[in-house]
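Here the protein sequences line up with chains A and B, keeping their order.
Residues in the first sequence are numbered from 12 upward in steps of one, following this note's numbering.
Residues in the second sequence are numbered from 2 upward in steps of one, following this note's numbering.
Be aware that one or more of the hints could be misleading.
Claimed, not checked - In silico contact screen, one side only, chain B against chain A (beta carbon under 7 Å); selected entries:
no., residue
1, L29
2, I130
3, I134
4, V138
5, V140
6, L143
7, W149
8, T251
9, I271
10, G276
11, T286
12, A290
13, V294
14, V295
Unchecked claim - Covered by chain A, according to a simulated footprint, are these stretches of chain B (three or more residues, beta-carbon under 8 Å):
no., segment
15, 150 to 162
16, 226 to 233
To be verified - Part of the chain A face toward chain B, derived, beta carbon under 7 Å:
no., residue
17, I118
18, M143
19, F242
20, G283
21, D291
22, V294
No wet-lab data here; the hints were simulated from the structure.
Cβ atoms here follow ideal geometry from the backbone N, Cα and C, with glycine treated the same way.
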Amino acid sequence: MSAATSVGPVLPAVSGTRGRRRGRWNAPLVAGLVLFALIVLCALCAPLLTSYDPIQQSLKDAFLPPGSPHHLLGTDALGRDVLSRLLYGARVDLRVGVLAVISPFVIGSLIGLISGWFGGWVDAVIGRIVDMVIAFPFLVLVIALVFAMGPGTTSIYTAITLVGWVAYCRIVRGQVLVAKEQEYAMAARASGLPTWRILLRHLLPNVILQAFVFSMSDIVLTLLAIVTLGFLGLGVPPPTPDWGTMIQEGQQFILTKWYMSTIPGLAVVLTGLALALIADGIVEKANK
Amino acid sequence: MKYLVFILKRLVSLIPVLLGISFIVFFLIRLIPGDPATTLLGSHATPDAVRELRTQLGLTKPLWSQYLTFLGHLLQGNLGYSYVYDSPVGGLIQTSLPVTIWLLISGTVFTLLIAVPLAVLAAARRNGIADNIIRAVPVVGLGLPAFWLGIMLILVFGLKLGWFPVAGYGDTLPEHLRGMVLPGFTIALTLSPILIRSLRASMIDVLSSDYIVTAHAKGISTSRVVLGHALRNAAVSSVTVLGVNIAYLTGSTLVVERVFSLPGIGQQMINSILGRDFPTVQGITLIFAIMVVVVNLLTDVTHAALDPRVKLA
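Using the sequences and the accompanying hints, generate a full structural model.
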């Protein structure tokens with residue numbers, strides 16, 4: 012097996028950036044944070060920005076094009092306001108996307124910590140399990156698991172956790188293998204501290220950075236996975252607004268109403284861009 | 002000879018991974034709430050049929066014995082039986098698998114066509130205008146949903162310009178090839194940003210090494226130094242990056258096939274999910290995992306062949 016995981020695209024460290032950005036902030040990080048804050052703000056203020064209920068149908072107002080007097084981004088096939096669905100969809104997709112990264116992050120890091128520290132048969136068993144999970148393409152296993160457990164957000168969280176933890180486990184394990192040979196770790200061990208204390212208080216803060224850096228690009232991938240599930244009809248069940256479902260609904264009318272798929276897709280791209288910029292900025296900072 | 006031994010050793014090391022894959026796929030069906038036999042036959046099944054299937058599947062036997070039976074069937078190439086299509090799952094996959102493999106090949110070829118020139122250009126003119134633009138591409142590309150990109154390509158090149166078919170795979174070889182352009186391009190657009198990044202980084206590394214300086218000093222033209230001397234060495238590490246990401250993108254073929262209505266295993270999997278055809282979903286999940294294992298194997302073997310420093314032990 013190669014050292015990198017097949018769980019997500021491998022992002023090699025950015026090299027060749029001019030080395031003068033020494034401060035706490037860098038351009039991609041600031042741009043990403045500002046853009047992401049704006050998107051989150053729009054999602055949070057959805058009730059203030061639009062007066063329409065995102066699931067309220069009004070068949071006589073169906074298929075209004077963007078720029079219509081009362082519907083800024085038009086309406087969909089059931090006469091629901093697109094802007095309102097977009098804003099409320101952001102609430103759903105962002106919440107699920109961010110929450111779905113937390114449990115694999117926590118669980119994977121802890122297992123990686125244990126695996127790297129104890130070594131021996133514990134490490135061997137965990138290593139085999141990781142190899143098993145990594146053999147599946149991320150999306151395929153997530154889809155199969157969501158299918159087996161039935162639709163709904165709980166299944167999505169569970170499926171992403173069951174598949175996603177391996178990446179964090181590998182990253183943290185690798186870091187622990189290096190850290191445990193260092194003097195502070197040996198000193199902590201020699202002073203007879205309980206193992207959990209060495210692991211959580213001394214080792215964890217030193218090994219978690221790489222996992223955190225990865226979690227930033229992992230949010231993008233998780234968001235894409237959730238939107239993809241929605242597109243395939245396996246995501247958040249309708250009529251809850253979700254960007255993937257909106258793109259899928261729009262594809263049926265692509266011949267005459269190109270904007271129906273384009274608009275929610277742009278929302279995904281913009282959110283992905285914001286998160287990717289943040290990830291890029293953090294990688295750049297971490298490499299300093 | 003040493004190389005053959007290396008390949009054989011890699012093959013042997015695959016056995017536990019393959020066992021693990023079969024284990025996960027076997028337990029997928031256990032996650033479904035309720036009785037597997039009822040799930041397999043669907044809600045319209047008669048109690049008699051369910052009872053018969055329960056004995057046939059050995060659901061009355063202990064779990065480990067059920068797993069061994071499942072494994073035994075797999076080793077004989079029996080992937081189960083689809084009650085929805087009323088046909089063996091293996092046969093269903095056999096007809097759709099070539100489409101997916103062609104899609105992966107088309108995606109890889111387009112990725113190389115896009116990524117290699119751009120990465121070389123960026124590295125050769127480091128910090129120039131082209132480099133700065135090319136460096137920004139991966140950041141935008143990371144958050145691009147493949148299925149949406151596909152719809153946009155259909156919109157522009159299929160509907161507005163009419164250059165390529167909007168959907169489907171056609172019946173003849175030329176039609177197949179034409180039908181593979183847009184889907185392959187979609188995959189390439191999501192895959193190449195990652196490859197550009199890694200290839201550019203290793204090109205920059207290689208271009209600053211001593212032997213490149215020597216090559217320049219000997220008076221060899223820049224283009225020959227970059228393409229002849231540097232690219233070859235930079236490509237070695239990118240093979241692994243490409244391999245790992247092809248494995249990841251195997252999952253994306255599922256969505257791309259859906260968007261372009263290609264009759265591959267991804268499309269088959271989604272249809273089976275919507276039709277609650279569990280044995281087919283199980284079989285295709287297994288095939289996807291095996292594809293990843295094969296791609297990883299090919300990557301390692303290629304890497305070892307290209308780079309004499311890789312220990313063949």
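* Which hint numbers does the structure go against, in order from smallest to largest? -> Checked against the structure, the hints that fail are numbers 2, 3, 4, 10, 14, 16, 17 and 22, while the rest are satisfied.
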